[in-house]
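Spelled out from the first residue to the last, the chains are:
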Amino acid sequence: MCKVFIKMVRIIVAEETCAESIRTWRKQQEPVVGLILGKTTSTKDYIIKFVRCPAKSETSSKVLKIEDNWVAGHAVEVSHILPGGISVIGLFAVADPSSDKTLQSSLRQALYCTYSFINHSCPYKFPTSEGPKLWTVIHFDMTSGRSIFSKQFDMLDRVSSAKPVDLKYQQPCSRWSFLNSHVDIDITIPLAPLASTNVQCLQAMVWPFCDQILNSSVLLNGAMMNDSDMVDPEITVKSGKGHKQKHKQSTLAKWGKTHSCEFFLHNDDNESDQNGIDLSKASQCIKLCGSFYTCAYVPLKTPVSEAIEELKFDLIRSVFRRCSLVCEELQDQNRQLTSHQYVMFPRRVGFPKQNTDEFQFSEYQFHGEPLEDCVARIQETFDEAISVDDINNALEEFKQVKSTESVPKQDTQEMIDKDSQRKDVQIENGEMEEQAQFPIRALLAAGTAVLAVVLSYLSLAD
Amino acid sequence: MRFQQVLIVKPLLEKLESGLKQAKTGLLVTWNNDDILLVTGCLQCSEKDEPKVQFQNFLPGGFHIGGRFGTSCKSIDDDEISVQLNEEKNVLVKLSSNVIQYEVVASKEASELLDSSTIQFCVKGNLTTTLPVGNGLIQIPSEILSNRNLAFCLEEKKLLLHDASDFQTTTCESLLEKTKGKQTVSGSSGPVKCKILRRTSCHETKYVPTIECNQNDQKVVKFPVCIEMLSYVNKTLPLNKLYDELRNSLSRQINSFNSCLRKETRIKCGVPKFLYFQPYGWCHPIAISYPSNKSDMDLLDFRKNTLHSTFLVPDTKPVFRRKNAIALFPNKESLLLANTHIGLPTPRIPDGKLFLVKGNYDYHHYMQDRMDDNGWGCAYRSLQTLISWFRNQAYTEEKIPTHKEIQQILVDVGDKPKEFVGTRKWIGSIEVSAVLNQYLGITSKIMFVSQGSELTNRGRELAMHFTNQGTPIMIGGGVLAHTILGVCFSETTGETRFLILDPHYTGGEDLKVIQDKGWCGWKGPNFWNQTAYYNLCLPQVPEMC
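Just so you know, the sequences run in chain order A and B.
Going by the working numbering, the first sequence opens with residue 290, and the numbers climb by one from there.
Going by the working numbering, the second sequence opens with residue 954, and the numbers climb by one from there.
Keep in mind that the hints are not guaranteed to be accurate.
Here are the simulated distance ranges between beta carbons [claimed, not checked]:
1) A:A512 / B:T1189: 22 to 30 Å
2) B:G1375 / A:F415: 54 to 62 Å
3) A:K414 / B:P1495: 52 to 60 Å
4) A:E305 / B:Q1121: 44 to 52 Å
5) B:D1469 / A:K414: 46 to 54 Å
6) A:P416 / B:S1212: 40 to 48 Å
7) A:N681 / B:S1095: 33 to 41 Å
8) B:K1378 / A:P497: 52 to 60 Å
9) B:V1364 / A:F415: 56 to 64 Å
10) A:K642 / B:Q1121: 31 to 39 Å
11) A:N681 / B:Q1007: 49 to 57 Å
12) B:K1111 / A:K642: 32 to 40 Å
13) B:K1216 / A:K414: 42 to 50 Å
14) A:K414 / B:K1061: 52 to 60 Å
Hints in this document: simulated from the structure, not taken from any laboratory.
From a predicted model like this one, the values you see are computed outputs, not experimental measurements.
The C-beta atom is built at its ideal place from N, Cα and C for all residues, glycine as well.
Between the sequences and the hints, there should be enough to build the whole structure, so can you do that?
Put into structure tokens, the structure is as follows:
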């Protein structure tokens, strides 16, 4: 008798709605490349959505041309919209296999480029887990809709060989638990030692706070849980013979437990070595005060420690994203952070509204900016048909301050040009590189008038 | 009477009696539960001094200024206790103006009462804040303890306390319970470690963060507020009230910090640090706030004229030097064993009384510090043990010298030629006393015994030494050197047993081995070489504060 060794093929479970998206694109008979959104775990991966990458030019073509930087830039913008626990985990294409012999290698190349872009999109260095980082490439046949190429690649090893994956559809793909929290920030820092540029100034303010978030203790629904506890313990039911059985996943509801979380920050012990403070070095201060909304989704069998980590990562990414947006606006206005009395962060708005059977994503809205602008960006970036009514703007509120002065409206065309020349991802050595442009704050919907983006922030009159 | 028992710690009563006869006045430190009032200490002050709330800042949580002492003091509050002298110059104790019966308890009994009735919380944290600097004076605002921001984490108990915590009817005693199998059993009442956390979900309305920068605002500095706090909490306190109890204890520390900061007049402002000391006779520590940028010598006036005076501690002992502070959160394990005699059974001799070393020492022996001194270094190791005693009692900050450094000191004083350094030559008690004198400024008495068999007749002298000085003794004779940590001496029979710390041990820092094998143990008269002569070096404690 000979032994047969069966190579374990990794399973990816996708929502049924993903298959519907593929069918829709197939009907349009135009090749599509896009992002796979979901969650990778140690045992299997989950796909919740396919997001089509916008075409770079309006001319249609039967041959799919994949431009690495374009796809990667789009992925970075989509990643800003995602809640904690959900991320870009691969690329897909819907194309005729005969149209481009190099499609699969192009997809692989774009995959590594996308991973690199996303990894460098946030300056904060998150702790990483050991082991390979597997992302997925799927090529769907335009004609049949079948997956003709489903492979995973280790993002940490460019020369690694492809690993086969088995794609299955299931509704829901898992039972998801939802964690959310409002986290207050209240920082006062002496102005003198702060760096002069807006970016460095803001990062100096928020970086220690983010370090504290990473090391914080978190209560779930008021309770301190063990790291190894499951966020959503599996439901057991008695079978006819009185034996308990675990629910089969297919019979589970899509949504599991919701955890309202509370963060408790540990203190930085570094300052405890100081013996004396030089009062002559007192200076004016800069304050950052308010509350951030944070949320995360985790699938079944996720331990508490991992779920809390996803929530923390979401918060930190959101903090840095907003700092980046504030700096961009100040740069557009050619102003210094410290020359204004009030500078308000953009607020996080959610879509679609809660109490739907959908994951909630988010965008950022500046004070005074119409929600229609957010909707336009979402439609452009996320390929999602939504309206203003689908926006949940109750997650965070803008504070009323005593005196306000709107920044004078800039010329609309000037704003469009500025957006289209927006700087992109910072690479690791700190140099800014002009990447292929992806309009971050896209203004145009096809065939409609240009929407003016009024970005106002508050300042005292000089 | 409100309390079933009123207890006064014996050393305190003796101190009060002496102080009252000298017309001293002051405040009494008390602890109580529903049944017992325990008077634990006293603070000298005049009636015109600052109100008692300021003195309360010296006390760990759970203790209060509960009364007064003085020749004609009057109770202020109904629950206040007063101690005074009657016409016959005897101590009179009143509670709410009524003369009451009281019991006298030893410090050890009082400590045991506190251990059984309370849980000690050791709280640590850093409330670094930004403080406005106005007219060169800074103060930590009370808002730093705003209950909306403050939380306490008892990590070992998986418990987080904040102002909205609800533990229903549980008491603090439940914190000590452990689960053993399926049963819940009472655990020990050792200190419970606690960290201060900042709560981040306090604001009712979730406003988007706003950066505020006003160039016209007052200037500020970032100021570390390092908390190390001790609080004795009654076990019967409802767990729901523990948060407020700890917060109130914390406010004492902040008040103490502010008192310290008010004395700072220089541009370079010292960061206050809280230290706990336990003077002789007190059954619990007291808390003192020192600015971190001042040395013990810089604080000599404060220690002598304020602390020694207030706590009625003779200024002949360095009780309030930093080295004598109790470490609530020891930074790291010492590589050396300390006080290895603790736990040894007492020798059984009729009417035997113990006269032991007072204070803490470290066990130095062969082969430590990767120094192979097996066969020649015993006296050097004994000397190191003696020096460790002076370090641990804060008489010196000098480090423990190496063998070579000891030899160099002997060369420096002219006792040995310079070729002596680096050799494996023995030293004796004369050399030990010379090094103590040159290195630490300590004088020693030398006791000569012509025969080892005579040592058993010197029990009374050795007992007097441990009573009056309390320092370990180096003894050299025959070919060996040892350290004497105490004697068990019987006045009726004259029998003596010697508590010996043997520096010839070459093993690892294993207390069980050291005690079981007698490397630290009680020895009889036959331990000594009966015909050899011995010299003993008895270090004398200097009078200093």
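Evaluated hints:
Between A:A512 and B:T1189 the beta carbon distance is about 25 Å. The supplied range of 22 to 30 Å therefore holds. Judged by the Cβ atoms, the range 54 to 62 Å given for B:G1375 and A:F415 holds: they are separated by roughly 55 Å. Between A:K414 and B:P1495 the beta carbons are some 55 Å apart, a value that agrees with the proposed interval 52 to 60 Å. As the Cβ distance of A:E305 to B:Q1121 is approximately 46 Å, the hint placing it in 44 to 52 Å holds.
Between B:D1469 and A:K414, the C-beta spacing of about 52 Å keeps the proposed range 46 to 54 Å intact. For the pair A:P416 and B:S1212, the supplied restraint of 40 to 48 Å holds, since their beta-carbon distance comes to about 43 Å. Between A:N681 and B:S1095 the beta carbon distance is about 39 Å. The supplied range of 33 to 41 Å therefore holds. With their beta carbons about 58 Å apart, B:K1378 and A:P497 fall inside the hinted range of 52 to 60 Å.
Hint check: B:V1364 to A:F415, Cβ distance near 60 Å, so the stated range 56 to 64 Å holds. For A:K642 and B:Q1121, the Cβ-Cβ distance of about 37 Å falls inside the hinted range of 31 to 39 Å, so the restraint holds. Evaluation of the 49 to 57 Å hint for A:N681 and B:Q1007 yields a pass: the beta carbon distance comes to about 54 Å. Between B:K1111 and A:K642 the CB atoms are about 36 Å apart, so this pair conforms to the stated range of 32 to 40 Å.
Between B:K1216 and A:K414 the beta carbon distance is about 44 Å. The supplied range of 42 to 50 Å therefore holds. Separation of A:K414 from B:K1061 is about 54 Å and conforms to the stated range, judged on CB atoms against 52 to 60 Å.
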